[in-house]
Amino acid sequence: MDKDYIISWSMTLNFEAGISWMAAISSPGFVVGSVASRFVSDKFGRRATLLSSALPVTVGSIATLSGSHIWILCAARFLWGIGTGMISTVSSIYLAEIADKDIRGSLIVANRFFVNFGIFLVLVIGPFVSYNTINYMILALPICYFVSCWLIPETPYYYLKEEKVDKARYVLKKLRGIKNEKVILEDELSTMRSNVGKDMRRSGTVKELFSGKQYRKALFIIAGLKIGQMMTGCIVIQHYLGRIMQDSRSNMNLATVFVVFGALRFTVGVMSSVIADKVGRRTLFIYSFLGTGLSLSLIAAYFCCQEVIKIEQSQLASYAIVVFIGIILSNIISTLGYNSIIYAVQGEIFPLNVKSLAMTCLNIFGGILNFLVTKTYQPLKDVSGTFGVFLLFTIMSFGSFVFVYFFVPETKGKSLSEIQKILQGKYYDDDSIQVNKNLNDVKDGTELKLLENKDR
Numbered sequence: 001m002d003k004d005y006i007i008s009w010s011m012t013l014n015f016e017a018g019i020s021w022m023a024a025i026s027s028p029g030f031v032v033g034s035v036a037s038r039f040v041s042d043k044f045g046r047r048a049t050l051l052s053s054a055l056p057v058t059v060g061s062i063a064t065l066s067g068s069h070i071w072i073l074c075a076a077r078f079l080w081g082i083g084t085g086m087i088s089t090v091s092s093i094y095l096a097e098i099a100d101k102d103i104r105g106s107l108i109v110a111n112r113f114f115v116n117f118g119i120f121l122v123l124v125i126g127p128f129v130s131y132n133t134i135n136y137m138i139l140a141l142p143i144c145y146f147v148s149c150w151l152i153p154e155t156p157y158y159y160l161k162e163e164k165v166d167k168a169r170y171v172l173k174k175l176r177g178i179k180n181e182k183v184i185l186e187d188e189l190s191t192m193r194s195n196v197g198k199d200m201r202r203s204g205t206v207k208e209l210f211s212g213k214q215y216r217k218a219l220f221i222i223a224g225l226k227i228g229q230m231m232t233g234c235i236v237i238q239h240y241l242g243r244i245m246q247d248s249r250s251n252m253n254l255a256t257v258f259v260v261f262g263a264l265r266f267t268v269g270v271m272s273s274v275i276a277d278k279v280g281r282r283t284l285f286i287y288s289f290l291g292t293g294l295s296l297s298l299i300a301a302y303f304c305c306q307e308v309i310k311i312e313q314s315q316l317a318s319y320a321i322v323v324f325i326g327i328i329l330s331n332i333i334s335t336l337g338y339n340s341i342i343y344a345v346q347g348e349i350f351p352l353n354v355k356s357l358a359m360t361c362l363n364i365f366g367g368i369l370n371f372l373v374t375k376t377y378q379p380l381k382d383v384s385g386t387f388g389v390f391l392l393f394t395i396m397s398f399g400s401f402v403f404v405y406f407f408v409p410e411t412k413g414k415s416l417s418e419i420q421k422i423l424q425g426k427y428y429d430d431d432s433i434q435v436n437k438n439l440n441d442v443k444d445g446t447e448l449k450l451l452e453n454k455d456r
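In this text, residue positions in the sequence shown follow the working numbering: the first is 1, and each later residue adds one.
Please keep in mind that the hints were generated in silico from the structure rather than gathered at the bench.
Note that the Cβ used here is the ideal one computed from N, Cα and C, for glycine as well.
Warning: the hint list may mix true and false statements.
Result set (EDC-like, lysine to aspartate or glutamate): computed pairs, CA atoms no more than 16 Å apart in a straight line [said to hold, decoys possible]: (1) K381 <-> E312; (2) K414 <-> D382; (3) K414 <-> E186.
Label pairs and their calculated CB-CB ranges [unchecked claim]: (4) W150 <-> F406: 17 to 27 Å; (5) V124 <-> R176: 36 to 46 Å; (6) F39 <-> K174: 21 to 31 Å.
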């Protein structure tokens with residue numbers, strides 16, 4: 001074998017390995033951040049966790065300015081993963097606990113809109129500025145984020161969990177903009193206190209989460225949705241968009257591809273935040289998984305012609321645009337549906353006593369899936385070709401559609417307690433009886449008893 005060919009082949013393998021590690025290394029960091037947020041959010045509060053998440057993101061951003069060696073970039077992405085894991089775990093909880101049920105979904109989905117906006121800015125600005133310039137711009141973001149989070153209040157649910165009723169009342173008053181309507185405020189606070197009592201009657205341990213029959217349906221639903229989200233190719237397309245377009249041998253300019261991809265994702269993110277509380281979560285899940293499957297099947301069909309049937313590229317060249325169309329359609333449909341709505345649902349379906357733990361476990365599970373999907377894309381592509389990869393994504397999309405149709409209930413327009421009644425069934429009713437008994441046993445003079453007497 002030619003020596004120059006061996007050297008070239010070795011360098012290609014090293015380059016591909018470096019790219020795959022850079023794409024995947026944020027996932028272990030995401031897991032670490034999720035675990036850290038579990039303890040910080042329950043001990044120090046949701047707001048404190050959001051504030052502390054700015055530290056690893058800032059350090060990672062500084063690291064990218066110190067050099068462009070592969071190990072530095074991997075370390076930076078690992079730190080970014082830690083910060084992202086903390087934010088992802090707590091932001092959905094925070095928004096679910098402060099928002100009224102009529103706008104809860106829209107607020108949580110709006111959070112994803114700003115994520116898409118950030119991706120859009122980097123894709124648009126990145127190709128036209130230097131490496132250091134874009135990293136200096138990125139460094140400013142966690143600083144602005146920290147200042148913004150400093151101005152937000154803690155959630156009333158967290159204060160009630162800690163039996164700080166006066167603080168919960170003050171925060172709720174601030175969030176609802178209520179000044180003189182004390183009766184309305186006390187009614188809502190009383191309902192929250194009752195729900196917290198029901199949720200906190202049970203422990204929040206790992207054993208409780210995985211052995212408690214009342215949590216099994218929620219765990220099953222959210223695990224299935226997370227598998228669907230990760231295994232339908234959205235992460236791979238985001239990381240390997242340029243490579244996929246090159247494999248299709250399209251003549252499109254890659255800068256144009258990135259800008260269009262980011263712009264559409266951002267624009268559709270705006271739409272998803274508007275329709276989240278109008279169309280319904282379940283409906284969006286069903287149609288977005290189905291639509292994504294159909295879009296990905298276009299990509300799989302093209303690469304089947306290229307790699308399996310082996311049609312001459314001269315004949316396929318005019319159809320290379322099909323890959324771009326499939327990517328854009330799947331991007332639009334998934335962003336409008338499951339890629340945004342899943343964050344609303346995961347913040348809604350767990351009770352307070354296990355919510356932080358459940359979100360942590362869910363993000364660990366998602367981080368592992370993210371790592372495996374991203375890291376194994378290249379080896380799987382080497383074995384089965386790009387056709388095999390997108391065929392798998394297509395099958396998973398249709399499978400997720402079936403899963404949602406049979407197992408996922410609607411949570412639109414329902415309070416957190418109403419969602420628990422649906423998911424827990426008779427176990428929730430049993431808890432209600434026990435909670436009422438426990439509240440009667442609360443000693444006089446405590447904040448909870450004073451609030452209960454005031455309600456009467």
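Here's how the hints hold up against the structure:
{"no.": "1", "hint": "K381 <-> E312", "in the structure": "violated (20 Å)"}
{"no.": "2", "hint": "K414 <-> D382", "in the structure": "violated (47 Å)"}
{"no.": "3", "hint": "K414 <-> E186", "in the structure": "violated (20 Å)"}
{"no.": "4", "hint": "W150 <-> F406: 17 to 27 Å", "in the structure": "violated (45 Å)"}
{"no.": "5", "hint": "V124 <-> R176: 36 to 46 Å", "in the structure": "holds (38 Å)"}
{"no.": "6", "hint": "F39 <-> K174: 21 to 31 Å", "in the structure": "holds (27 Å)"}
This entry does not satisfy hints 1, 2, 3, 4, going by the numbered hints stated previously.
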